[in-house]
Amino acid sequence: MKERPMRTIKNFSLILATLGFILTPALGLAREDKPTAPASDAKNFCTRIANVTGEVNSKLVKVDQDRGSKRTEVFNQLKERKESRVKQVQEKRDQAKADLDERLSDLESDALTEAQLSALAAFRAAVAAAQEVRKAAVDKAMADFRTSQESLVTKRQDAIKANATTFKADVAAAMAKAKTDCAASVDPATVRRTLMSAQQAAKDKFQQANKDLDKLGGQIKNLTQTRNQAVRDANQAFKAALETARQNLKAAFAQS
Amino acid sequence: MKKILFLTAGLMLLAAACNAGNQASTGNSTESNSASRVDAAVSNLNASVDSEEAVNLQSDDDVINSDQTIVNDYEGATNANY
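As given, the protein sequences belong to chains A and B, one line each in that order.
Under the working numbering, read the first sequence as residues 8 to 263, first letter to last.
Under the working numbering, read the second sequence as residues 911 to 992, first letter to last.
Hints are computed from structural coordinates only; laboratory data are not their basis.
The beta carbon of each residue, even a glycine, is placed where N, CA and C say it ideally should be.
Hints are supplied without guarantee of correctness; some may be wrong.
Covered by chain A, per the in silico footprint, the following chain B stretches (three or more residues, Cβ under 8 Å) [to be verified]:
id, segment
1, 945–958
2, 963–975
3, 981–992
Chain B is faced by these chain A residues, among others (derived, beta-carbon under 8 Å) [said to hold, decoys possible]:
id, residue
4, Gln156
5, Met203
6, Ile227
7, Leu230
Put together the whole structure using the sequences plus the hints.
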C-alpha cells in the first residue's frame, strides 16, 4: 500500500518525460516561426515604434513617387516606340515605291509592243491596288493593337496603384495598432509580433491582388497574336497578288 | 559587170541576214532583261514587306512589365529595424 503513491509519481514522471520528448521539437519549430530578434530589441520595440513608422512611411512615399514616374516612363516609351516604328515603316514604303518606279521605267523602255506597254500598265495598277489593300489592313491591325494595348496598360497601372493604396492602408493600420498597443502598455514583444504578423498579411494580400496583373499580361499576349496574324495575312495576300501580276507581266514580255 | 552585180547582191543578202540575226539576238536579250527586271521589282517589293513586318511585329513586353520592380519595392519598403 505504501508503494502506491511512489508508483503513481513514477508513472506521472514517465508520462511527462514522454510528452516533453514529443512536444519539444514542435515547440522549437513554433519558436522558429516567430520574428527573430534579441530579447532586448523586442523589449525596446515600443521605444522604437515612432522611428520605425517614420522610416516605413518615408520609404512608401518614395515608392509611390517612383510608381508615378514609372507609369509616365512606360507610356512615354510606348509612344516613342510607336512613333519610331511608324517612321521606319513609312521610310520603307517610300523606298519601295521609289525602287518600283525606277524599275518600271526601265521596263517601259524595254517594251517593244503596245501589248507589252499595256501589260506594264496592268502590272502597275495591280501592284498599286494590292499595296492599298495591304496598307489599309496592316495600318488597321496596328492601330487596333495600339489602342487596345494602351487601354490594357492603363488598366495595369491603375491596378498597381489601387493595390498599392490598399497595401499602404493595411500597413498604416498595423502601425497605428502597434502605437496604440504600446501606449496601452501591452508587452512590447507582443506588439512587435502582432505588427509583423499584420504586415505579412498585408504583403500576402498585395501579392495576391497583383496576380491580376498576370491576367492583363495574358490579354496583351492575345492582342499581340491577333495583330501578328492580321499583319501576316495581309502581307501573304499582297505577295499572292504580286505573284499573279508578275506572271502576267513576264508572259507579256515573253511574247515578241 | 555581171560578176560585180552578182557579188554586190550576194553581199547585200549576207548583210541582210546578219542584220536579221542581230535583231533576233537583241530581241532575246531584251526579253531576258525584262524578265529579270520584273523579278527584281517583285523581289524588292516582297523584301520591303518582310522588312516592314519585322518592324511592326516587335514586342513591347519589356516596357510594359518594367513596372514589376515597383511592385517589389512596395513590399521592400516595409522592411525596417523592428
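For each hint, the structure was consulted:
1. 945–958: holds (count 11)
2. 963–975: Contact hint for the segment 963–975 of chain B vs chain A: holds, 11 residues under 8 Å.
3. 981–992: Held - the segment 981–992 of chain B has 10 residues with a Cβ nearer than 8 Å to chain A, which meets the minimum of three.
4. Gln156: Where the cut-off is 8 Å and the nearest Cβ of chain B is about 7 Å from glutamine 156 of chain A, the hint holds.
5. Met203: holds (6 Å)
6. Ile227: holds (7 Å)
7. Leu230: violated (11 Å)
Checked against the numbered hints above, the structure breaks only hint 7 and satisfies the rest.
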